[in-house]
Amino acid sequence: MRCREIQESLLAGEIDTGVDEHLRGCASCRTFGHELELLRGGFRALAAEPAPDPSWGFASRVVRRLQEHPAGEEFLERIGRRVVYAASLLAIVLLMALALPSSGPFRGPTSAEIAAARMDQGETGGVIFAYESADNQDLNPLPVDQNGAMNGP
Amino acid sequence: MAETAEQNAQEVEWIKRAQRGDHEAFGLLVERFQRRVLALVFRLTGKRDAAEDLAQEVFIKAYRAIGSYSFASPFGSWLSRVTVNHCYDFMRRERATSSKLESLEKADESRGRHAEVALSGEPSPEQQAIFRDLVAKLLARAPADDRVVLVLREMEGMSVEEIAGILSLKTATVKVRLHRARKRMLEDYHRLRERSE
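Sequence order for the protein chains is B and U. Heads up: the first sequence begins at 196 in the working numbering, then just goes up one per residue. Heads up: the second sequence begins at 127 in the working numbering, then just goes up one per residue.
What the hints contain is simulated information worked out from the structure, not anything from laboratory work. One thing to keep in mind: the hints can contain errors.
To be verified - In silico SDA-like pairs for lysine to any residue, Cα to Cα no more than 25 Å straight-line:
#: 1; chain 1: U; residue 1: K296; chain 2: U; residue 2: L318
#: 2; chain 1: U; residue 1: K173; chain 2: B; residue 2: A243
#: 3; chain 1: U; residue 1: K296; chain 2: B; residue 2: G208
#: 4; chain 1: U; residue 1: K173; chain 2: B; residue 2: S255
As the list claims (entries may be wrong) - Over the 10 Å line for every Cβ pair with chain B, so calculated as not near, a few chain U residues:
#: 5; residue: E132
#: 6; residue: Q133
#: 7; residue: R143
#: 8; residue: A198
#: 9; residue: S199
#: 10; residue: R218
#: 11; residue: E220
#: 12; residue: E288
#: 13; residue: T297
#: 14; residue: R317
Heads up, the beta-carbon is just placed ideally off N, CA and C, and yes, glycines get one too.
With the hints as extra help, turn the sequences into a complete structure.
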């Protein structure tokens, strides 16, 4: 058997005659086995250490805590907390969506950009656009000359 | 034998009453299992000071979940499962918050002491104490998964089947985890030794 297999067997705690035989002739695997045994001894010593005793009135304190905080109350508290977290997260996402400028390859041009482009191309010929009236917002722009006079149809 | 049967009948009655919301009956169950839970919490976390608070939280969780206990396994095993799960969460939180440096510094304190022990023959009581401290430190550095299987197997003396029952795993998975945990611990021990040489 090779050292690797032997060490795997030692790790699994399987020590048969083949392993024993190999250990007699292989110092490296003997050291491996010895170290493993020392660690196991450490575990045993650690397990033998006395665990702490519950302090006086431990059970009564548990019962008191149960009476002070009924299950339903804790459930509501937990659910309530989750609702608050979810609402906060949603608010942050909405705020970010509103606050950040739209960008990316798929957004359409803004009205300011369209107007600027038209100005650049001289389409308006010195005429700016306004809406017919505030009451009748049918969104049909009427050209207005620079003196404020509308040039409607 | 008759005493055990009587004890079990009493236990079943307390559980049923606790399932109906009887706090006092649950208190009797706490009294019966408090030492066992506290010991398991202490061994899993290695924290003497925090053990009692954690044990209290385990019992509160157990009470909240007692309705799901179906008597399919002993109540003690079910309670151990609740304990292990709670300690798992605690260890993960601890590991996330505590600085790794701190545990390395602590491990450094025992440098030079364990290096000279490794290759000698039968360990003396003093050497055993050194290895007890070393194992405690290696356990503190180990991932929660490794720690749980090692404590249940090497310190609580549970069988692979019992561990599988508590962790809701297949026995083959527990064997693999145990094997891997021992290997990692030994590698960690070697790393510490190399640094000290």
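U/E132 non-interfacial with respect to chain B [C-beta, more than 10 Å]: Since the minimum Cβ distance to chain B is about 21 Å, U/E132 lies beyond 10 Å and the statement holds.
Beyond 10 Å from chain B, beta-carbon-wise, is U/R218? U/R218 clear of chain B: closest Cβ-Cβ about 19 Å, beyond 10 Å.
Hint check: U/K173 vs B/A243, CA-CA at most 25 Å. Holds or violated? 16 Å, holds
Closest CB of chain B to the CB of U/T297 still more than 10 Å away: Per Cβ check, U/T297 is outside 10 Å of chain B; nearest 13 Å; holds.
Does U/S199 sit more than 10 Å from chain B, CB to CB? 22 Å, holds
Outside-interface status for U/E288 - nearest CB in chain B farther than 10 Å: 16 Å, holds
Minimum Cβ-Cβ distance from U/R317 to chain B exceeds 10 Å: Non-interface label stands for U/R317: nearest chain B Cβ at 13 Å, farther than 10 Å.
Does the structure keep U/K173 and B/S255 at a Cα separation of 25 Å or less? 23 Å, holds
Using Cβ atoms and 10 Å as the threshold, tell me whether U/E220 really stays out of contact range of chain B. Correct as stated: the minimum Cβ-Cβ distance to chain B is 18 Å, above 10 Å.
Just to be careful, I want the Cα atoms of U/K296 and U/L318 compared with a cutoff of 25 Å; is the pair within it? 33 Å, violated
Just double-check U/A198 for me: nearest Cβ-Cβ distance to chain B has to come out over 10 Å. 23 Å, holds
Outside-interface status for U/R143 - nearest CB in chain B farther than 10 Å: 13 Å, holds
Comparing the model with each earlier hint shows a violation of hint 1 alone; every other hint is respected.
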